[in-house]
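Start from the sequences, fold in the hints, and give me the full structure.
Heads up: the sequence lines are chains A and B, in that order. For reference, each letter of the first sequence is one residue, going 42 to 537 in the numbering used here. For reference, each letter of the second sequence is one residue, going 42 to 537 in the numbering used here.
Be a bit skeptical, because a hint or two may be false.
The list cannot tell twin chains apart, which means a pair is met if one copy fits it or any two copies do.
[Claimed, not checked] Below 16 angstroms or equal to it, Euclidean Cα-Cα: the simulated EDC-like pairs (lysine to aspartate or glutamate) are:
#1 Lys54 / Glu84
#2 Lys156 / Asp443
#3 Lys415 / Asp235
#4 Lys346 / Asp478
#5 Lys355 / Glu244
#6 Lys188 / Glu107
#7 Lys55 / Glu84
#8 Lys54 / Glu87
Don't read these hints as lab results, they were simulated from the structure.
Single-letter residue listing:
2 protein chains.
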Amino acid sequence: MNNAMQSLRELQKKLYALQFAMNVVDFDANTIAPAESFSGRGEALEVLSGMKYQLIANPSVPALLEQAKTEPLTEQQAAEVRELLRIYNETSKIPANEYAAFVKLTSESVNAWGKAKAASDFSIFAPYLEQIVEYRRRFAAYFDASKAPYDVWLDQFEQGLSMEQCDAFFAQLKTTIQPLVQKITQSNTKINTDFLKATWPIEDQRKLSDFLMDTLNIDRNHCQIAESEHPFTTEFYKGDVRITTHYHENDMASNVYSVIHEGGHALYELHMADRLQYTCLSGGASMGLHESQSRLFENYIGRSKEFIQFIWPKLNELFPTQLANVTAEDFYKAVNLCEPSLIRIEADEVTYCLHIMVRYELEKRLMNGTLAVKDLPAAWNAQMKELLGVDVPDDAHGVLQDIHWAGGDLGYFPSYALGTAYAAQMVAQMRKTLDVDSLLKNGTLAPINEWLEQRIWQFGKEKTPAELLQNACEQPFDPSYYTDYLVKKYSAIYDL
Amino acid sequence: MNNAMQSLRELQKKLYALQFAMNVVDFDANTIAPAESFSGRGEALEVLSGMKYQLIANPSVPALLEQAKTEPLTEQQAAEVRELLRIYNETSKIPANEYAAFVKLTSESVNAWGKAKAASDFSIFAPYLEQIVEYRRRFAAYFDASKAPYDVWLDQFEQGLSMEQCDAFFAQLKTTIQPLVQKITQSNTKINTDFLKATWPIEDQRKLSDFLMDTLNIDRNHCQIAESEHPFTTEFYKGDVRITTHYHENDMASNVYSVIHEGGHALYELHMADRLQYTCLSGGASMGLHESQSRLFENYIGRSKEFIQFIWPKLNELFPTQLANVTAEDFYKAVNLCEPSLIRIEADEVTYCLHIMVRYELEKRLMNGTLAVKDLPAAWNAQMKELLGVDVPDDAHGVLQDIHWAGGDLGYFPSYALGTAYAAQMVAQMRKTLDVDSLLKNGTLAPINEWLEQRIWQFGKEKTPAELLQNACEQPFDPSYYTDYLVKKYSAIYDL
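What follows is the structure, given as structure tokens:
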């Protein structure tokens, strides 16, 4: 390895160590930290992220990157240089004082959002969001003043993504999904979900979590489940990945699909190639790719008739009274109920992307300056009415429901929809060589994991999202797989 | 604040942030981390501690300290300068490569010790301990070549401590304790502890932990209980302190006294003055002082007849069947049983210091070169026979029981005994102005906490251990309070 590359490896190791520490601190904060422990943690995180900034936005970095490129590099080393340059540009182009002010703003903003949501009062949050939009527009210009600000941020979250692509993608989804939802709501098929509201003792739900983790072949020696308000996954490194869930005594399905969803994220991180460890290439390739893996497990596996057949004996063993008069088919339908609703994270597979479209449209307008923050709640409610046909009763169940904007993330939401569509295409490709249905029916997920590991998981950020999708599916991204899947699955469920 | 002081404050803030992160990572590792997550954590911790080393062992530090002293300093600032100089000297006098090698050695050594203990085979651990003793002797010479190595390390753990003092202290203890133990073992009073081995459901034990935390006035908004193999306390900062306990279904007392013991440590950290936050003066003044607070709560409060009277109704509410035929007096006696035994952490109040003396004698000989590591097990067994009259069946229950030496700590054990004796003196002083017995009988611990906060807790490392003891007790350290306490308490229990 040449000297410059050696120095870059040391830099990456330091970045790794600081990120490792910050991830552990965040995980702890979101799971078991005492209620009023924020201030000292905030101070520590500010210093640690300052250290990270100093390391990466350092003037010596571009020189090292240039020097590294003068000698022959392996494919991985070339990818490290490319990714480090991207991080350097992303970080160094924002003046240090503006970056620090923005980090401070988002921390205050998340706090204000929490209060606003609790009080269902958008005006508490509005001044913060106004500043965040301003910062994001200004920062976008630092990166690429020739591009529309929103295009800059879409590309940040999903390399290569643009409004043009998103517009086409969402238009295609809308064409299929809106009529499908209409047919479903007008259908005579009524799905019973009452039994899901029985009492499901949490100790037994914990046993079910363990069973699901085992079924997904998640190595518990490297992956633990904790509990948090909202489920999430975080990787400290490929040998230590944590997922969280939230147990509700009157809703067993919530935990089941949280564990499977987060389990999908975890599998991606756990199966990164060893050679990427401690480099900037470890970790999922993009938000969309990551979400494709969680959605693949949650929806395409977890909500399939075959998988439910497989877990049915276990469910009955753990919950004999609650499921006494329920069939696997009843359960399958209940966890696949389609119903336009207010809250994105509770939405079903069909309407989910409509929730994303609401956010996409509003983000686009906020970023191009055609929507003022003060007018956002009314615009939100209008979009919800138009796309989902629902009336929003208050801001807590409307524009204030998600934390993303408060955290400064504008351009993040589309990757949820993209990931879901990526997953459909992957499953379709997988079906060409694997008998997916009988694997699910037998709970034999190893061949599916292996397929994903070989084509996606192992590569980390070494390849771009588009390259990975091409690699996995042997063709470019095509959302038809997703719309076809929805139509086929839901036509059967609702007898359309 | 002068410029140099300003820079020193920034340095302290960085040290704080790195230590905060490392403490969170360690806490996580000891409580919920998955079994095989060591390697990436080890790499991250190595980098983070390297960063800390680079910050403190930096040649700019002594210059800044000199510069700071040229202008008028507050009492606190002067203490910060003094403490930073101490840390600088401690760190910078060891060459970086030797320091790194030692850190690596102790990490391997802890691993080897674990295997040695599991196999009860000292030979697995011996080569590591030989190297550790060598390092510790060499490092001592870097600090002060004019002093005996063991004196250097005693002073490191408890500022001002020397072998001369320890010899006198332990001689005085031995004079009282050995005859006391002899009288107890020959007494006709037999204490029944069988009922402690009943089945105590862990959920109920958890409720008892909460009750004890409340009784100790520990603010749960700033202090959480987790579970670990061995109980410990760690402070992330004064607003976030964690204690751990271990629940045994057949031993309720273990958790009770773990929670009270760790609760004492936690109270010390939680009541540090705000002005010390993010400086090198936050945290307990010494190991001995810290242990004095945990022992004060565990033994002088928790094992007192009055405190047991207070918690008795709660114990009966939670465990009505287990305690059906037991009186508070029975319970008091059972948790104060005195019996020479093999394991330090399970030892009673009377014999505990004899276990420490075994370690002190052996450490002294290892460090002055009169005892070879290979001869340590035999020497251990001989000391245990001489001081406690017990026969050691194997090394797992003998020389391999504690992790301290494996972690590189030689000179740490005496502070356990010192802390216990400090606490006796504090309680005696406290009794001059507080009716301690009736406070305990009523579970009104606030005045006791306030007494300790005013005299000890608030000062952090701003004062030396000796100054704090003088401050609290209005006289120098005197171990007679401790021996008098033991004789009085145990003469009553055993009707001597």
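Against the structure, the hints:
Taking the closest pair of Cα atoms, Lys54 and Glu84 come within 16 angstroms of each other only across two copies (8 angstroms); inside a single copy the shortest separation is 23 angstroms, beyond that limit. Taking the closest pair of Cα atoms, Lys156 and Asp443 come within 16 angstroms of each other only inside a single copy of the chain (13 angstroms); across copies the shortest separation is 49 angstroms, beyond that limit. Taking the closest pair of Cα atoms, Lys415 and Asp235 never come within 16 angstroms of each other, the shortest separation being 40 angstroms inside a single copy and 71 angstroms across copies. Proximity of Lys346 to Asp478 under the C-alpha cut-off of 16 angstroms is restricted to the intra-copy arrangement: shortest distance 9 angstroms within a copy versus 68 angstroms between copies.
Taking identical chains as interchangeable, the C-alpha atoms of Lys355 and Glu244 lie at most 16 angstroms apart only when both belong to the same chain, with a minimum of 14 angstroms there against 26 angstroms between chains. For a Cα distance limit of 16 angstroms, the shortest separation of Lys188 from Glu107 qualifies neither inside one copy, at 26 angstroms, nor across copies, at 53 angstroms. Taking the shortest alpha-carbon separations for Lys55 and Glu84, only the inter-copy value of 10 angstroms comes in at or below 16 angstroms, while the best intra-copy value is 20 angstroms. Taking the closest pair of Cα atoms, Lys54 and Glu87 come within 16 angstroms of each other only across two copies (10 angstroms); inside a single copy the shortest separation is 20 angstroms, beyond that limit.
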